[in-house]
Amino acid sequence: MDKQIERLSVKKMASYILLIQLAVICVISVFFYLAEKFFGLTPDVSSSAGFSAFVGGMIYLIPFTVYTVLSIGRNLTNNFVALVLFDFIVGFILKFVLVIGLFFVVFKYIPTVHYIVFISFSVLFVTQWIALIVLNSRY
Amino acid sequence: MAQAVEQQVNETQEYIQHHLHFLQVDLTNGNILNSQKVSDFDGYQECLKNTPQKDCLVKFNAEQCSITDLGTRKCVAVIEEGKSPLFDFKVLNLDSSIISIVLGFLFIGIFYLAVKQSLKDKHSKFITAIEMIVSFVNSNVESIFNVKNKLIAPLSLTVFMWVLFMNILDLIPVDLIPKIFTQTGIPFVRLVPSADVNVTMGLSVSIFVLIIIYSLTYKGVSGFVKDYTLHPFNSYWFLPINLLLEGVSLLSKPISLGLRLFGNMYAGEMIFILITVFFSFIPAGIPLGGFFGGAIDIVWALFHILIIFLQAFIFMILTIVYLAMASTEED
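Going down the list, the protein sequences come from chains R and Z. Counting from 1 along the first sequence, just add 896 to a position and that's the residue number in the working numbering. Counting from 1 along the second sequence, just add 144 to a position and that's the residue number in the working numbering.
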């Protein structure tokens, strides 16, 4: 029973982190949209700074969501740690492949400002760490 | 005679360039940098023995190699000057990324097995070795990091073991793995991830972000700002000088941490490659270079074991020291 409660709290924490990251993507996108509007960040009119920030954030969030669902999605009723480890490894590999694939799709097919895509991606990366340290009271 | 020497020099240069090249994929189009796809892999290899590379490429209808062609015995190495960027965010070093991830999982797997066995009250040399590593890291953390924190010891252990595993790959003979992969149509494989500046800087920048997070968590925003504006001279008049001095000292931490590891491992790998060049020295059919190179190789490998452990230890210790500095108030 205790284990189930602990598991539930992990799931809750993961969903909080995902929501926080979604909010961060919105904030960055609005920030870059406004920065472009008032300071003219992108000379190329075909790609928008706000949209690029959104895309960069999604490149991080989509694989991270898949990884989260895979690594903590299983309902464990016993101490089968090997299964958790297996889910964790499969999830991570999938996350890695998805990140590469999404970067490729974005660079090749979606007109974006590349440096803003990277900034947004990096901010999301760091946000996850901060959220983990703040939400996880162990640290 | 002069032509033969020139050819030997060119071959040596190509050999070194090939071994220092990463398997780089351009994320904007999925192409493998410095690699071409040929119609007949074995025919191309035969052709290279007595024909210049340019002619062989034309003969076997060479095209740009793509990421989907890897492992299909089609891609070959064609190194062009200036087409191997050291820093490019649109280029991914596939070999370092995959090898470092695999090593990370290896670390997790080994420690998982050790925990599993020790929970069953089994005693073996393997568990003793793991316990020695854990207690070694733990004693270092306890002696340096005085604030109670549950993240530092696992973080230090991970950093130490991961960097150690990456460094140990330097002891595998330089030609072995690239030769195997070349035969499967993967034109480049650089085995040591810690000899890739992107990996080492990635690690050190991660530590840098943790330093900032720890400073803000333990000292608060005001303490963090004071650290960089009122040190070393405790006066607002010296604010620009303080900011400059402390800013440089803050930024130098991740740069020195990453470049130190990269520099040491790159130099070590380079020396192994240069020693291997000796092996091609065969005067009058006597493999003198083999005897000479083999002897130096053993000596350097023995010395390099020290560097491998030392660099992993230094990386871990500096991580603990920087985080300890970030989480304690200065007098």
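FYI, nobody ran anything at the bench for these hints, they're computed from the structure. Among these hints, one or two may not hold up.
Claimed, not checked - Derived DSS-like pairs: lysine-lysine, alpha-carbon spacing no greater than 25 angstroms straight-line:
| # | chain 1 | residue 1 | chain 2 | residue 2 |
| --- | --- | --- | --- | --- |
| 1 | Z | 234 | Z | 260 |
| 2 | Z | 323 | Z | 198 |
| 3 | Z | 181 | Z | 292 |
| 4 | R | 1004 | Z | 323 |
| 5 | R | 907 | Z | 363 |
| 6 | R | 1004 | Z | 234 |
| 7 | Z | 292 | Z | 193 |
| 8 | R | 991 | Z | 363 |
| 9 | Z | 193 | Z | 203 |
| 10 | R | 1004 | R | 991 |
| 11 | R | 908 | Z | 294 |
| 12 | Z | 397 | Z | 363 |
| 13 | Z | 234 | Z | 198 |
| 14 | Z | 363 | Z | 292 |
| 15 | Z | 397 | Z | 370 |
Okay, the hints, checked on the actual structure:
1. Z:234 x Z:260: violated, 41 angstroms
2. Z:323 x Z:198: Satisfied, since the Cα-Cα distance of roughly 22 angstroms is no more than 25 angstroms.
3. Z:181 x Z:292: Violated, at about 57 angstroms.
4. R:1004 x Z:323: Violated. Residue 1004 of chain R to residue 323 of chain Z sits at ~32 angstroms, over the 25 angstroms cutoff.
5. R:907 x Z:363: Violated, at roughly 31 angstroms.
6. R:1004 x Z:234: holds, 11 angstroms
7. Z:292 x Z:193: The hint is violated at about 64 angstroms.
8. R:991 x Z:363: violated, 35 angstroms
9. Z:193 x Z:203: holds, 14 angstroms
10. R:1004 x R:991: With a Cα-Cα distance of about 20 angstroms, the restraint between residue 1004 of chain R and residue 991 of chain R holds, given a limit of 25 angstroms.
11. R:908 x Z:294: holds, 21 angstroms
12. Z:397 x Z:363: OK: residue 397 of chain Z and residue 363 of chain Z at ~19 angstroms, within 25 angstroms.
13. Z:234 x Z:198: Violated. Residue 234 of chain Z to residue 198 of chain Z sits at ~28 angstroms, over the 25 angstroms cutoff.
14. Z:363 x Z:292: holds, 15 angstroms
15. Z:397 x Z:370: holds, 19 angstroms
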